[in-house]
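Asks: Sequence:
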Amino acid sequence: MSAGTGAVGRIEAEFRDAGVHGRLHALDLDSGAEVAAGADEAVVLASVFKVPLLVAFFRRAAAGELDARAQVVLPPEARIAGATGTSVLLDEVRMSLRDLACLMITVSDNTAADAVMDHVGLDHVNRAMAELGLDRTRIVGNARDLHASMLADAGADDAAALWARLGEPGVLARLSALDPALATRGTPREMTRLLAAVWRDEAAPPDACALMRRMLGLQVWPHRLASGFPYDDVVVSGKTGTLPTVRNEIGVVEYPDGGRYAVAVFTRSRSTASAQPRADAVIGTAARLAVQALRAGG
3 MSAGTGAVGR IEAEFRDAGV HGRLHALDLD SGAEVAAGAD EAVVLASVFK
53 VPLLVAFFRR AAAGELDARA QVVLPPEARI AGATGTSVLL DEVRMSLRDL
103 ACLMITVSDN TAADAVMDHV GLDHVNRAMA ELGLDRTRIV GNARDLHASM
153 LADAGADDAA ALWARLGEPG VLARLSALDP ALATRGTPRE MTRLLAAVWR
203 DEAAPPDACA LMRRMLGLQV WPHRLASGFP YDDVVVSGKT GTLPTVRNEI
253 GVVEYPDGGR YAVAVFTRSR STASAQPRAD AVIGTAARLA VQALRAGG
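With the numbering used here as the guide, the letters of the sequence shown map in order to residues 3 to 300.
What the hints contain is simulated information worked out from the structure, not anything from laboratory work. Careful, some of the hints might be misleading.
To be verified - Cβ pair distances, simulated, as ranges:
| # | residue 1 | residue 2 | range |
| --- | --- | --- | --- |
| 1 | Asp209 | Tyr233 | 25 to 35 Å |
| 2 | Gly34 | Val90 | 41 to 51 Å |
| 3 | Pro232 | Asp120 | 34 to 44 Å |
| 4 | Ala65 | Asp259 | 35 to 45 Å |
| 5 | Val90 | Arg176 | 22 to 32 Å |
| 6 | Ala298 | Glu94 | 47 to 57 Å |
| 7 | Arg280 | Pro208 | 38 to 48 Å |
| 8 | Ala65 | Gly219 | 16 to 26 Å |
| 9 | Glu170 | Arg297 | 43 to 53 Å |
| 10 | Ala175 | Gly219 | 31 to 41 Å |
| 11 | Val75 | Leu124 | 14 to 24 Å |
| 12 | Asp120 | Pro208 | 24 to 34 Å |
| 13 | Asp69 | Glu170 | 45 to 55 Å |
| 14 | Gln73 | Gly8 | 49 to 59 Å |
As the structure is a prediction and not an experimental result, all values here were calculated from the model. For every residue, glycine included, the Cβ atom is placed at its ideal position computed from N, Cα and C.
Build out the structure end to end from the sequences listed, making use of the hints.
Replies: Here it is as structure tokens:
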């Protein structure tokens with residue numbers, strides 16, 4: 003059931019004003035009403051891929067195929083590019099798999115995500131998505147693979163050199179990580195369906211889904227989806243994704259009256275700047291407009 007036809011025009015205008023190409027899907031988890039703006043276009047997931055990985059992790063744990071409490075040792079040489087969590091630490095880390103999973107969601111820890119991926123397996127992530135009916139969601143590698151591909155495509159030695167070269171002719175177009183035909187990908191609609199499965203206890207057993215909801219609710223970033231709902235009694239759970247020109251977030255917005263809305267917003271900017279406050283903010287604005295339309299009933 004579609005809702006918010008007028009809201010779609012406002013959402014698209016907000017995307018244009020922010021200098022981004024945006025795609026959105028919002029879903030009322032109880033009524034099934036939706037707001038869609040390019041919801042079935044293929045999009046680059048960036049770090050949003052950690053949500054499919056999280057689901058696959060808990061599904062394998064529930065099936066007895068891995069131990070969520072198993073201790074993992076991360077030596078300093080295991081660190082990969084990233085500005086959060088274990089990725090920035092200097093010494094050896096020992097932590098359970100499920101706590102690493104928590105870090106990969108709450109602070110988007112790339113090193114933690116790859117440790118979880120090592121135990122889950124890439125094929126099992128894609129199998130889990132297929133079993134949930136998300137046929138257009140495809141994970142092609144881990145965070146290390148993503149980082150390595152961008153450096154190779156740009157001919158850069160490190161992240162600083164990569165960002166410095168983005169403005170050079172042809173460099174951005176060569177980054178396969180930004181091409182939905184080649185990179186880890188999905189659609190806004192499939193991402194809200196994935197969140198709906200977690201919130202409805204369909205993605206894994208109820209206790210596992212409860213843990214996933216807890217982790218998504220602890221995400222620390224307030225500048226995208228959560229910025230559209232600055233109210234003490236509205237709970238926003240989510241996961242961001244960031245790459246050059248790419249700003250994404252998927253999440254669930256829960257109101258005190260029981261209303262629950264899954265929202266997926268994916269943007270691609272014309273600017274190559276690393277700091278893009280307008281692109282960040284429009285994610286919250288677009289999400290708010292979509293949820294308002296759902297709550298108004300059309």
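Asks: All hints are to be evaluated individually against the structure, with a verdict given for each.
Replies: Hints, verified against the model:
1. Taken as a hint, the range 25 to 35 Å holds for the pair Asp209 and Tyr233, whose Cβ atoms sit roughly 29 Å apart.
2. As the Cβ distance of Gly34 to Val90 is approximately 42 Å, the hint placing it in 41 to 51 Å holds.
3. In this structure, Pro232 and Asp120 meet the distance hint of 34 to 44 Å, their C-beta atoms being roughly 38 Å apart.
4. Separation of Ala65 from Asp259 is about 36 Å and conforms to the stated range, judged on CB atoms against 35 to 45 Å.
5. Between Val90 and Arg176 the C-beta distance comes to about 28 Å, which sits within the given range of 22 to 32 Å.
6. Under the hint 47 to 57 Å, the C-beta atoms of Ala298 and Glu94, about 53 Å apart, fit the expected range.
7. The hint said 38 to 48 Å for the Cβ distance between Arg280 and Pro208, and at roughly 40 Å that hint holds.
8. The hint said 16 to 26 Å for the Cβ distance between Ala65 and Gly219, and at roughly 25 Å that hint holds.
9. For the hinted restraint 43 to 53 Å between Glu170 and Arg297, the CB-CB distance of approximately 46 Å keeps it satisfied.
10. Between Ala175 and Gly219 the beta carbons are some 38 Å apart, a value that agrees with the proposed interval 31 to 41 Å.
11. Remark: the range hint 14 to 24 Å for Val75 to Leu124 is upheld by a beta-carbon distance near 22 Å.
12. In this structure, Asp120 and Pro208 meet the distance hint of 24 to 34 Å, their C-beta atoms being roughly 27 Å apart.
13. Take Asp69 and Glu170: their Cβ atoms lie about 47 Å apart, and the range 45 to 55 Å holds.
14. Between Gln73 and Gly8 the beta carbon distance is about 54 Å. The supplied range of 49 to 59 Å therefore holds.
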